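> Here is what each chain is made of, one letter per residue.
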Amino acid sequence: MPVKIYRSIWGNIFIFIFLGLLACFMALPLVFTISMAFKPIDELFLYPPRFFVMKPTLKNFRDLFSIMGNSLVPFTRFLFNSIIIGVIGTVGHVIIASMAAYPLAKKKFPGSTIIFQIIVLSLMFNAYVTGIPRFVILSKLGWLNDYKALILPGVASSLGLYLMRQFMTQVPDAYIESARIEGAGEFRTLWYAVMPLVKPAWLTLSLLSFIGFWGDTGSPALYITNEALKTLPLALSYIQAGGIARTGATAATGLLMMIPPILFFILSQSSMIDTMKTAGLKE
Amino acid sequence: MQTQTGLSVSSNAAARPDFSQKLQRLWRDMKKNKAMYGLMAPYMILFTLFTVLPVATSIFLSFTYYNIIEPPRFIGWENYKLLLLDDDVFLIAVKNTLMFAFITGPLSYFGALLLAWFINELKPKVRAVATLLFYAPSISANVFFIWTYIFQADSYGFVNSSLMRLGIIKEPVAWLQKPEYNLYIIMLVALWMSLGTGFLAFIAGFQNIDKTLYEAGAIDGIKNRWQELYLITLPSMAPQLVFAAVLQIAASFAVSDVAAQLAGFPSPLYSAHTIVLHMVDYGNIRYEMGYASAIAVVLFSITVAFGQFARRVIKAD
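Read top to bottom, the protein sequences are chains A and B. Mapping the first sequence onto this note's numbering, position 240 (from 1) lands on 240, and the numbers just tick up by one. Mapping the second sequence onto this note's numbering, position 178 (from 1) lands on 1178, and the numbers just tick up by one.
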């Protein structure tokens, strides 16, 4: 690759050391979480405290399941709800946001500027107080205690649209023109010409969106009273509320909650690497 | 005189058809772009329903007294007067929030950019692992509770026991309860978990850049990676830069959960109180939604001012 010609060795060494040190700082609390999740009770309250677990045990996880076993709804139901909402919400958000982002990125039409400005401004309005008006709207629509209440507001989040729009502005106009000349309609142009070019964007967005749906404790707490429709993080926050006696179970919870997003991350990153191998953005 | 009147009449007469012509042209433009409106429709319907309407309602409520049980009663600017002139706790919240906005925010933004750029230099597989390591704190939104164990107030806490073993402190320090330390610790934790959306947008942005630009740059005599960053990479990344800046600003002004979880809510002497926590206090605990909405509107205005400034500076919309 001719691109790599002007890379100094000292620069590379510096980058590696810098990244290594920072990676340690970033990863430390996570390693600590993992270590704590496997600590038996006497090690959790050992003095002086140890960073790493000495005699790993699965007891914290068993505790977790026995605590969850006492609830009215089986644990797997919460898991199922979280996965359904995460997957449908993410797919819906990526599709709907991309459809709306394309015109805003590439076309000028009456209203386009003002709509885009409103969307960016809405990102800066703290969502906390909108919870109550949203609750009223959802109840008027009869969508309380319904998956719709957990999925649809997130599907229209401004973040995804803004992200997709920003990446789509980088797609060369000539590329879109040539798709149009070949007779593709707007939707086909978007789907077959633009979307492959912004693959890093929608892979990233799907990850962000999944994490958003997965970790959302606010909307299930507000809009859902039916136990059978509650999601995993909400169910697990009850455990964390148990206080110091549940230190181990809390750490186990944290660890369990991290697994699906990390799997999703690995999936999206490996497709990202594939994109890199096949094609860059070329005019 | 006469000519003047004649002129004004004719210009008046010309103005009317001009206006209807404009309307016609607008209508033609809209019809020509109907495919665009069609593409945007599903998003816009949901967005209006779940974002525009609630935000408009909140702005309206900020001019009322509303306790959720009784219907809102219009009180004009009262909430704002009280908030800006008489609420001392709000001033503490603003001061603390500005600490996040001016210190944590920029550090995190430029840190994320630098880090993403460094990571981009790695080979694809290594890059994926590095991205995961740095992004991991943001992946699990709730894992920051782990810091409460690290900074635990008694000698079982990790920081306390380490510092005591090294002889730096003799007694355990209640790091998260002491007003002189807790804000800084929260800032550190916020920094730790803030390499989020912006960082990923940068990583993806680097991969979206036309690779031929770098080859052209090498031929044109770019000497080192700093020049390459400054002359090629950053200008081609403007859309991602402005995206991350807007999100970073919004996030810095919205710090709340971390502060509440680490320092307690409300924190001792409001030492870790932020604007959003002030809002939660009035909305969730005192059920004064009108006042909470006024706080939201003030916060919104501050955030927008900074956000628009950043968008101007990066000039990339």
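These are calculated hints, taken from the structure and not from any lab test. Note that the structure is predicted; figures quoted are calculated from it, not measured. Glycine residues also receive a C-beta, built at the ideal position from the N, C-alpha and C atoms. Do not take every clue at face value.
Here are the in silico distance ranges between beta carbons for each label pair [what the hints assert, rightly or not]:
| # | chain 1 | residue 1 | chain 2 | residue 2 | range |
| --- | --- | --- | --- | --- | --- |
| 1 | B | Lys1022 | A | Ser139 | 48 to 54 Å |
| 2 | A | Ala241 | B | Pro1106 | 50 to 56 Å |
| 3 | A | Arg188 | B | Gln1308 | 34 to 40 Å |
| 4 | B | Val1089 | A | Ser139 | 31 to 37 Å |
| 5 | B | Leu1107 | A | Phe52 | 57 to 63 Å |
| 6 | B | Tyr1065 | A | Thr217 | 25 to 31 Å |
| 7 | B | Val1089 | A | Tyr238 | 54 to 60 Å |
| 8 | A | Thr217 | B | Gln1227 | 18 to 24 Å |
| 9 | A | Ala23 | B | Trp1226 | 19 to 25 Å |
| 10 | B | Leu1053 | A | Ile259 | 50 to 56 Å |
| 11 | B | Tyr1287 | A | Arg188 | 23 to 29 Å |
> Taking each numbered hint in turn, which are not upheld by the structure, reported in ascending numerical order?
1, 2, 5, 7, 8, 10, 11
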